[in-house]
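Q: Residue-level listing of the chains:
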Amino acid sequence: MTPPIITLTTDFGLQDHYTGTMKGVILSRCPGAPIVDITHHIPPFSLYAGAYAISQAAPFFPPGTIHVVVVDPGVGTARKPLLVEFERQFFIAPDNGVLSLRLSHDAAFTAREITNRQLWLPNPSSTFHGRDIFAPSAAALANGSASPQDLGPLLDRIECLPDLEPIETEPGISQGKILSIDHFGNVITNFRSPAATFSLRIGPHHIRDFRQSFGGAPPDLLFAYLGSSGYLEVARNGRSAAQALGVSPGDAVTLHLHDTIGESRKVLP
Amino acid sequence: MTPPIITLTTDFGLQDHYTGTMKGVILSRCPGAPIVDITHHIPPFSLYAGAYAISQAAPFFPPGTIHVVVVDPGVGTARKPLLVEFERQFFIAPDNGVLSLRLSHDAAFTAREITNRQLWLPNPSSTFHGRDIFAPSAAALANGSASPQDLGPLLDRIECLPDLEPIETEPGISQGKILSIDHFGNVITNFRSPAATFSLRIGPHHIRDFRQSFGGAPPDLLFAYLGSSGYLEVARNGRSAAQALGVSPGDAVTLHLHDTIGESRKVLP
Amino acid sequence: MTPPIITLTTDFGLQDHYTGTMKGVILSRCPGAPIVDITHHIPPFSLYAGAYAISQAAPFFPPGTIHVVVVDPGVGTARKPLLVEFERQFFIAPDNGVLSLRLSHDAAFTAREITNRQLWLPNPSSTFHGRDIFAPSAAALANGSASPQDLGPLLDRIECLPDLEPIETEPGISQGKILSIDHFGNVITNFRSPAATFSLRIGPHHIRDFRQSFGGAPPDLLFAYLGSSGYLEVARNGRSAAQALGVSPGDAVTLHLHDTIGESRKVLP
Numbered sequence: 251m252t253p254p255i256i257t258l259t260t261d262f263g264l265q266d267h268y269t270g271t272m273k274g275v276i277l278s279r280c281p282g283a284p285i286v287d288i289t290h291h292i293p294p295f296s297l298y299a300g301a302y303a304i305s306q307a308a309p310f311f312p313p314g315t316i317h318v319v320v321v322d323p324g325v326g327t328a329r330k331p332l333l334v335e336f337e338r339q340f341f342i343a344p345d346n347g348v349l350s351l352r353l354s355h356d357a358a359f360t361a362r363e364i365t366n367r368q369l370w371l372p373n374p375s376s377t378f379h380g381r382d383i384f385a386p387s388a389a390a391l392a393n394g395s396a397s398p399q400d401l402g403p404l405l406d407r408i409e410c411l412p413d414l415e416p417i418e419t420e421p422g423i424s425q426g427k428i429l430s431i432d433h434f435g436n437v438i439t440n441f442r443s444p445a446a447t448f449s450l451r452i453g454p455h456h457i458r459d460f461r462q463s464f465g466g467a468p469p470d471l472l473f474a475y476l477g478s479s480g481y482l483e484v485a486r487n488g489r490s491a492a493q494a495l496g497v498s499p500g501d502a503v504t505l506h507l508h509d510t511i512g513e514s515r516k517v518l519p
Numbered sequence: 251m252t253p254p255i256i257t258l259t260t261d262f263g264l265q266d267h268y269t270g271t272m273k274g275v276i277l278s279r280c281p282g283a284p285i286v287d288i289t290h291h292i293p294p295f296s297l298y299a300g301a302y303a304i305s306q307a308a309p310f311f312p313p314g315t316i317h318v319v320v321v322d323p324g325v326g327t328a329r330k331p332l333l334v335e336f337e338r339q340f341f342i343a344p345d346n347g348v349l350s351l352r353l354s355h356d357a358a359f360t361a362r363e364i365t366n367r368q369l370w371l372p373n374p375s376s377t378f379h380g381r382d383i384f385a386p387s388a389a390a391l392a393n394g395s396a397s398p399q400d401l402g403p404l405l406d407r408i409e410c411l412p413d414l415e416p417i418e419t420e421p422g423i424s425q426g427k428i429l430s431i432d433h434f435g436n437v438i439t440n441f442r443s444p445a446a447t448f449s450l451r452i453g454p455h456h457i458r459d460f461r462q463s464f465g466g467a468p469p470d471l472l473f474a475y476l477g478s479s480g481y482l483e484v485a486r487n488g489r490s491a492a493q494a495l496g497v498s499p500g501d502a503v504t505l506h507l508h509d510t511i512g513e514s515r516k517v518l519p
Numbered sequence: 251m252t253p254p255i256i257t258l259t260t261d262f263g264l265q266d267h268y269t270g271t272m273k274g275v276i277l278s279r280c281p282g283a284p285i286v287d288i289t290h291h292i293p294p295f296s297l298y299a300g301a302y303a304i305s306q307a308a309p310f311f312p313p314g315t316i317h318v319v320v321v322d323p324g325v326g327t328a329r330k331p332l333l334v335e336f337e338r339q340f341f342i343a344p345d346n347g348v349l350s351l352r353l354s355h356d357a358a359f360t361a362r363e364i365t366n367r368q369l370w371l372p373n374p375s376s377t378f379h380g381r382d383i384f385a386p387s388a389a390a391l392a393n394g395s396a397s398p399q400d401l402g403p404l405l406d407r408i409e410c411l412p413d414l415e416p417i418e419t420e421p422g423i424s425q426g427k428i429l430s431i432d433h434f435g436n437v438i439t440n441f442r443s444p445a446a447t448f449s450l451r452i453g454p455h456h457i458r459d460f461r462q463s464f465g466g467a468p469p470d471l472l473f474a475y476l477g478s479s480g481y482l483e484v485a486r487n488g489r490s491a492a493q494a495l496g497v498s499p500g501d502a503v504t505l506h507l508h509d510t511i512g513e514s515r516k517v518l519p
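Protein chains in written order, with the working numbering: chain A, 251 to 519; chain B, 251 to 519; chain C, 251 to 519.
Since the hints were made in silico from the structure, they are not lab data. One should not assume that every hint holds.
No distinction is drawn between identical chains; accordingly, a pair holds when it is met within one copy or between any pair of copies.
[As the list claims (entries may be wrong)] List of simulated lysine to any residue pairs, SDA-like, C-alpha gap at most 20 Å:
#, residue 1, residue 2
1, 330, 466
2, 330, 313
3, 330, 463
4, 330, 470
5, 330, 402
6, 427, 463
7, 427, 444
8, 427, 398
9, 330, 487
10, 330, 467
11, 427, 405
12, 330, 462
13, 427, 458
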């Protein structure tokens with residue numbers, strides 16, 4: 251039987267041996283496991299970026315997939331290693347909120363603390379739990395030698411990142427944030443597409459245009475569109491919107507709902 | 251039966267979830283498919299760089315390989331998604347010329363427009379056709395559930411990039427261009443190796459030395475050599491030739507054929 | 251039978267087609283071979299960095315793994331292509347010392363010069379031996395069509411990098427070096443952890459603190475710890491120690507053993 255897919259999402263970068271070494275541990279204990287890199291370029295210690303990446307990728311993998319997410323500023327401290335079962339997939343990660351965007355919907359999940367040291371590498375280091383704890387725990391699950399309950403006991407609650415969802419501060423106005431800026435400079439907000447017409451405020455910039463796709467937009471135009479992420483995104487055609495806006499992940503975005511005649515319900519300053 | 255290899259060549263970079271998500275789509279629909287990254291660091295929207303990369307890599311893959319090339323400045327516009335069969339391999343790409351360096355030789359190819367939406371992801375986005383159209387079409391071909399004709403109808407012609415081949419402007423003088431600059435700063439031209447002795451003009455620089463390999467060349471010497479690409483390349487030993495020349499992909503290169511006594515047939519300015 | 255794992259460690263970067271092309275060669279000749287990238291971001295021509303990466307990763311792979319290491323400033327010159335058998339794994343690399351950190355322990359190894367051109371690609375280039383010599387030699391070994399002795403004759407000795415191990419210059423004082431600086435800015439020295447208390451000198455900096463892990467350390471504190479590498483490393487909590495120290499791989503580090511009362515055996519200048 252082919253082992254399930256194991257995905258890796260980390261902030262390790264690709265310059266060192268770290269991701270290759272994790273794969274060696276997995277393949278030593280689960281020969282033939284298909285390993286897929288989601289990304290290893292999460293900005294160091296950025297839980298929001300890690301949460302965003304895994305929340306986007308995981309739904310496109312088959313049931314049984316084991317997602318290993320190692321963005322772990324607290325490695326070596328008392329933060330727990332987690333196993334979460336959600337929508338017929340497994341997630342192995344530190345208990346620091348990095349899974350909370352994937353889990354922030356209504357469906358139920360089951361969480362366990364990974365405590366079974368017999369499944370780990372002997373003498374785990376205090377700085378590379380990806381190699382010593384997370385990879386071998388994933389391999390034990392993937393090769394069928396351990397069931398979820400073998401990894402450790404159930405947990406009542408897990409850590410959650412704050413401020414993941416926008417907040418309506420007054421009627422027609424919501425405060426959100428930038429979840430991610432992609433390789434092309436597209437700016438991904440945490441707003442789902444509203445039913446009414448709308449505009450976005452990002453710093454001094456006011457984005458009033460909404461497009462279906464990039465093609466045909468003048469290169470200097472900043473416009474909003476419903477991104478492949480399911481969120482409202484801001485782009486320029488063939489250029490970096492993030493650079494034009496001068497923004498970073500985590501920055502504030504305000505959404506203004508408009509009347510059907512195209513005027514904002516609120517007078518903008 | 252093992253599925254065929256699926257390769258990926260994109261300008262997505264590796265910082266986002268995009269390539270991992272495409273792999274999730276492929277492996278969900280074609281479990282066990284061996285996926286190989288050619289590169290995801292094509293400069294954004296650079297059709298020439300994408301054309302060069304896939305033309306170099308494809309010949310080294312076995313028959314049946316499915317090459318997915320997503321460099322797609324026109325995503326979401328009317329440009330067609332393509333399936334091309336050439337020399338017993340498949341190429342899936344937007345119809346924007348990105349395949350034309352691979353196809354620029356004499357052998358015949360067959361091209362189809364990918365129109366079968368039943369093979370795509372439901373509700374495809376207008377900005378991530380790699381995930382929603384190209385990956386699932388490749389998976390349908392790879393898992394044997396669809397034949398090429400199931401993907402869509404034959405096309406009479408496809409787009410071609412201009413100026414891929416050098417042009418002889420006068421006897422003994424040809425105008426070419428820089429196809430690519432690699433990680434080491436080696437400069438790859440679009441000249442095949444001439445039978446006669448030659449020199450190259452790149453901006454104010456005149457490269458008269460020809461070497462078989464890097465070893466032994468003084469570190470400041472700019473020299474030409476027949477690269478592993480099959481093209482004339484310009485290098486320095488252990489240093490970046492591109493930096494010394496101050497050039498970028500697309501820049502002009504002039505090739506001068508010389509008489510056997512080593513003089514150019516034309517007096518150089 | 252599943253082929254053995256083939257790992258790749260190079261200084262090719264990921265922007266070009268080079269690593270993808272090598273994988274095409276391997277998979278054409280050994281279908282189904284699991285290929286694992288250790289890293290392709292070894293700094294160009296840096297033998298020490300390549301030696302460090304493969305020495306860290308290899309022990310975590312299973313017996314039979316074939317490690318292909320292509321950091322090859324002498325490509326195309328008379329330096330030999332090597333096959334080394336060590337601790338039930340294979341290493342294919344140029345004979346330039348890049349394997350010497352992995353081999354620097356006591357166990358015996360067997361080295362061969364790769365001379366069997368029938369296993370190579372026809373008409374090998376003089377600049378891309380990764381594609382033309384190393385990849386097909388690895389594939390021939392992996393698919394079982396060649397045994398180690400088929401690749402070429404035994405060698406009496408192979409090249410070794412100098413200065414890999416620290417040197418005790420006077421009682422209680424040893425001169426070492428920086429082996430690597432990782433993605434997080436952690437500084438990896440070539441000192442194993444001493445039994446006594448110690449401090450480290452790096453340029454004008456004197457590191458006196460020793461920690462078990464990053465958690466809880468004040469962000470400005472430079473501290474030493476026993477890294478996952480098995481070496482002493484220097485870090486800051488959540489920041490780059492390398493930047494604070496202003497150091498590069500190869501720079502000198504001095505280790506001072508201290509008396510148990512915490513004083514250095516030597517008066518520091």
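Q: Enumerate the violated hints, using their earlier numbering and listing them in ascending order.
A: The structure breaks hints 2, 4, 6, 8, 11; every other hint is satisfied.
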